[in-house]
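Engineer: Chain by chain, the residues:
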Amino acid sequence: MKKKSTLTILCLICVIFIASCSDLGTPQEEAQAPSQTQIDASSAHPGFTIKADASHRDAVSALYSAIYAEEAPKFVEKEADLLVVPVTDDEFDRGRIPNQFLPDVAFINQSDVPEVLTFIDFAISPQGQQVLIDAGELPGKITLTDQAGNSVVINLPVKRVISTYGPATSFIYSVDAENRLVSASYLGARDPKGSAFMEKIDPRFPGLMGDDYFTQEDFNLEQAAALDPDLIVTSARTSWLETAAQLNLSIFLFDAETPDRLKEAILLTGEIFGPQSSAYAEAWVAYYDEVINRVQSHTEVTTENEKPKVLFTGTEPLRVASGEMYQTDIINAAGGVSVSAGLSGYWNDVNLEQIVIWNPDVIIVPPYGGASVEAITESPEWQILDAVQAGRVYKMPKLVVPWDTPAPDSVLGIVWLAQKLHPNRLDVDCGEEAAYFYNTFYQFAISPEEIASICQAD
Amino acid sequence: MLQFARLINLLIMSKKQLISTSLMVLPVILFGISLTLGRYPISPVDILKVLISPLNPEVAADIPEVAQQLILRVRLPRILAALLIGASFGGTGAALQAIFKNPLVDSNILGVTSGAGFGAALAILLMGNTWQVQLSAFIFGLSAVTMAFIGGRLYQSTPLLVLTLMGILVGSLFSSLTALLKYVADPLDSLPAITFWLLGGLTSITWGRLIPLTIVTLTGITFLWLSRWRLNILSLGDEEASTLGMDPLRSKLWIIFVTTLLTATAVSASGVIGWVGLVIPHAGRLIVGPDHKYLLPVSISMGAAFLILIDDVARVLLPGEIPLGILTGLVGVPILILLLRRNRTGW
Numbered sequence: 000m001k002k003k004s005t006l007t008i009l010c011l012i013c014v015i016f017i018a019s020c021s022d023l024g025t026p027q028e029e030a031q032a033p034s035q036t037q038i039d040a041s042s043a044h045p046g047f048t049i050k051a052d053a054s055h056r057d058a059v060s061a062l063y064s065a066i067y068a069e070e071a072p073k074f075v076e077k078e079a080d081l082l083v084v085p086v087t088d089d090e091f092d093r094g095r096i097p098n099q100f101l102p103d104v105a106f107i108n109q110s111d112v113p114e115v116l117t118f119i120d121f122a123i124s125p126q127g128q129q130v131l132i133d134a135g136e137l138p139g140k141i142t143l144t145d146q147a148g149n150s151v152v153i154n155l156p157v158k159r160v161i162s163t164y165g166p167a168t169s170f171i172y173s174v175d176a177e178n179r180l181v182s183a184s185y186l187g188a189r190d191p192k193g194s195a196f197m198e199k200i201d202p203r204f205p206g207l208m209g210d211d212y213f214t215q216e217d218f219n220l221e222q223a224a225a226l227d228p229d230l231i232v233t234s235a236r237t238s239w240l241e242t243a244a245q246l247n248l249s250i251f252l253f254d255a256e257t258p259d260r261l262k263e264a265i266l267l268t269g270e271i272f273g274p275q276s277s278a279y280a281e282a283w284v285a286y287y288d289e290v291i292n293r294v295q296s297h298t299e300v301t302t303e304n305e306k307p308k309v310l311f312t313g314t315e316p317l318r319v320a321s322g323e324m325y326q327t328d329i330i331n332a333a334g335g336v337s338v339s340a341g342l343s344g345y346w347n348d349v350n351l352e353q354i355v356i357w358n359p360d361v362i363i364v365p366p367y368g369g370a371s372v373e374a375i376t377e378s379p380e381w382q383i384l385d386a387v388q389a390g391r392v393y394k395m396p397k398l399v400v401p402w403d404t405p406a407p408d409s410v411l412g413i414v415w416l417a418q419k420l421h422p423n424r425l426d427v428d429c430g431e432e433a434a435y436f437y438n439t440f441y442q443f444a445i446s447p448e449e450i451a452s453i454c455q456a457d
Numbered sequence: 000m001l002q003f004a005r006l007i008n009l010l011i012m013s014k015k016q017l018i019s020t021s022l023m024v025l026p027v028i029l030f031g032i033s034l035t036l037g038r039y040p041i042s043p044v045d046i047l048k049v050l051i052s053p054l055n056p057e058v059a060a061d062i063p064e065v066a067q068q069l070i071l072r073v074r075l076p077r078i079l080a081a082l083l084i085g086a087s088f089g090g091t092g093a094a095l096q097a098i099f100k101n102p103l104v105d106s107n108i109l110g111v112t113s114g115a116g117f118g119a120a121l122a123i124l125l126m127g128n129t130w131q132v133q134l135s136a137f138i139f140g141l142s143a144v145t146m147a148f149i150g151g152r153l154y155q156s157t158p159l160l161v162l163t164l165m166g167i168l169v170g171s172l173f174s175s176l177t178a179l180l181k182y183v184a185d186p187l188d189s190l191p192a193i194t195f196w197l198l199g200g201l202t203s204i205t206w207g208r209l210i211p212l213t214i215v216t217l218t219g220i221t222f223l224w225l226s227r228w229r230l231n232i233l234s235l236g237d238e239e240a241s242t243l244g245m246d247p248l249r250s251k252l253w254i255i256f257v258t259t260l261l262t263a264t265a266v267s268a269s270g271v272i273g274w275v276g277l278v279i280p281h282a283g284r285l286i287v288g289p290d291h292k293y294l295l296p297v298s299i300s301m302g303a304a305f306l307i308l309i310d311d312v313a314r315v316l317l318p319g320e321i322p323l324g325i326l327t328g329l330v331g332v333p334i335l336i337l338l339l340r341r342n343r344t345g346w
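Chain order of the listed sequences is A and B.
Going by numbering that gives the first Met the number 0, the first sequence opens with residue 0, and the numbers climb by one from there.
Going by numbering that gives the first Met the number 0, the second sequence opens with residue 0, and the numbers climb by one from there.
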C-alpha cells in the first residue's frame, strides 16, 4: 500500500513538473553591458577643420577637447571637413537622419578623414551627451509627461534601460538607442523565425530578452536592482508599478493604441535618449505621415461606400478586432473600412452569421497566435463569404514585430494592406518601403530574398 | 373507496406523465424556433424550404445560396450541439446527484471539467487553436477521473467517499495547473484564447465536430435512460440496493464511467459551461419530484431546452458573442438560490 501511495505522489509531482517546465527552461543569462564607443583620450591631434556658428563653437570645443586631450578644434569660415548646421527642414527627407548632437543642430561630414567619423560617433553617443551636459550645453535632467499623464524626471544621459513592454522596446530600437537596453521584452520574438531575425538585427538579443524576470504582470525586484538601470519603460497597464516604486527609479509609461499616440510615444522616446534619438524619432514620424499621405492620395477618389470592407480576425477566425484597436486605424489609413469597427473593447468573439451580414471584401489574419489563412479558406462553412470565394484572405506580415501592432513597423502594415486593398492603383511598394524602413530604423540590411518572402507572404 | 383512491393515484401519475411528456417536447419546439433566430434575417418559410431541400433541391431554388449555407452549415449544427450538450449536462447532473446522494454534485465532481480545461489550455499554449485543443481537452478530462480513481483505490473502505475527495483534489490540482498556464501564457495572444475557451461557447461547432459528439452523447444518454430505475435504488443507499439484489458499487462505477465520457465529450466541444448540470436537475425535481423514472428524462430535456435558449441569447443579442459560461452562471445562480430557499421538495 505504501508503495502505491508513493507512486501516486510521484505521478502528481511529475505532472506539476512537466507543466511548469516552460517556466524553468531557460538558464539565467547575464545581460551584457551595453557596447559603447570607446575613444582613446590621448589620440593624436587629427587636425580636421570645422565650420560652426559662434553659438555652437563652445559645444564643439567641449567635445573636441574631451577626445583630443584639451586640444582646441580648428574653426574655419568656409570649406571645412565638418559642418555644424541647424536642422530646420521638417519635410520628410528619405534616407537622411541628421547626426544631431544638440537639439536641432547636426554635423555634416564633408571629408573622408576617418577621424571625422569617429568624432561624429562620439558626439552623438551617450559619452558625448555626458560631455555636453558637463559643459552646460545639454540639460542634466528633463521632466517629461508620460502617456499615463505622470510627470517623470529623467537624469541624462540615460545609459541603462529596462523595457518590460514589447512596443516600447521597438520604439527604442527605432530611435537607435538599443545599445542602452540592459533587459527587454520583445514583440514577435518568441517564434523561431522572429527570434532568428531579432538576433540578426541585434546580436545582444538573446542576452537582453528579459521575459523571465519582467513582464506586464511580473517584476523581479532583485534582478532589476542587479541590472542597475537609470530608467524603466513599460506599459500604462502594468500591474507592478507600486512594487517597482521601491527602487526609487524613474518609470516611464507608454499607452500608444492610436496613430497620434504612437507618434507621441516615439517622439518621447527620442527625447529620453537625446538629440540623435530625437532626430530618428522625427524622421520616423515624418516617414509615417508621408506614407499615410501617399496612400491617401491614391485612394482618395474612393467614396466611403466604395472603400473595400475589411475584416481583421484574431488568433481564431471567429475572433475579430474591435473599433478601438490599432488594427482599425491601419485599415482606415490603408483606404479601407473595418466592418467590425462598431465593436468595443479588445478582441471580440462573433459568429459566422454576423460576418455574413458584414460581408467583408477582404479578410486579414494576424501573424501570431497560430492564426492561418488556411483555417478560413479550407473551412467549408467560410465558403459562403465573397472574400473567401474571391481568394482575398491574407496574412499580415512581420519580420519580428507584427505589422499590425502599434509599433514603428506598423507603417509597413499600412503599405502592405493598401496594396492588397487597391491592387492596381498604388505606386507604393511593400518591398521598397520594407527595405528602407529596416535599413533606416533598425540599421538592418535586409536581403532582397527576405523582403520578397515577407511582402509576398499571404 | 379503494377504487376511488386508485383513480386518484392514476390521475396523479398521468399528470406527472403529462408534464414530463410535454417537457420532452419542449426542446423540439425550441429547436424549431431557434432555427428562425439569428443575426442574418431568414424567414421561417425559407428555413423550412431549405430543410427540405436535401430531399428535393427544387424547393429551395429561389433562396439565396448564402441563406441556405448559413442554415445548413452554421445554424443547424450549432443548435443541435446546444441540444446535445445541454441534454448531456442535465442527464449527467441528475445521475451523479443520485449516486453520490448529494444535491450539490455536478459533472465536475471527479475533476473531469477541470482536467479538460487544463488540457485545452495546454493545447492552446503549445499548438494554437485547432482540433488538437478538443482532443487534448477530452484526454485530460478522462485522465483527471482516472487519477481520482487511482487515488481512491488507496483505501478500501467507503470507496465513494474517498473517490469524491480524490475528485476534489484532482480537480483543484488541475485548476492550479490551468492557473499556472494562464500565468505563463502570452497576454496578447494565447491568454485571451484560453480565457474564452474556459468560458465556453459554441461558435466553432461544425458538422465535423458534431458527429462524434452526437454518437457519444446519444449512446451515453440512452445508457442513463435505461438505468433510471437503478438510480432510484442507488439513491436509497448501498444496503438497500444490496438487499434488492444489486451490486451497488458496480452500478455506480458504470454510471460514473458513462457520465465521465459524456462530460468530457461535451466539454471538449463547447468549452467549460457551468451550472447546467447542477441547476437543471434541481429544477426538474421541483417539477416532477425525486423519482428518477421522471426526473432523469425531464433533466435531460430541460438541460437541452435551457442550453438552446442560452445559446440563442449568446448568438443573437449582440454582434459579439457572449460566452455561454457567463450566461449560464447569470441565469443559473439565481435559480439555484431560489430553489434552496424553497427547500420543501424531497431530494
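These aren't lab readings, by the way, just hints derived from the structure by calculation.
In this text, all values refer to a predicted model and were calculated from it rather than measured experimentally.
Think of the CB as a built atom: it goes at the ideal place given N, C-alpha and C, for glycine as much as any other residue.
Careful: at least some of the hints might be erroneous.
Unchecked claim - Partner residues aside, some chain B positions facing chain A, computed with beta carbon under 10 Å:
hint: 1; residue: Arg77
hint: 2; residue: Met126
hint: 3; residue: Thr205
Engineer: Could you run down the list of hints and mark each one as holding or not?
Structural biologist: Okay, the hints, checked on the actual structure:
| no. | hint | result |
| --- | --- | --- |
| 1 | Arg77 | holds (8 Å) |
| 2 | Met126 | holds (7 Å) |
| 3 | Thr205 | holds (6 Å) |
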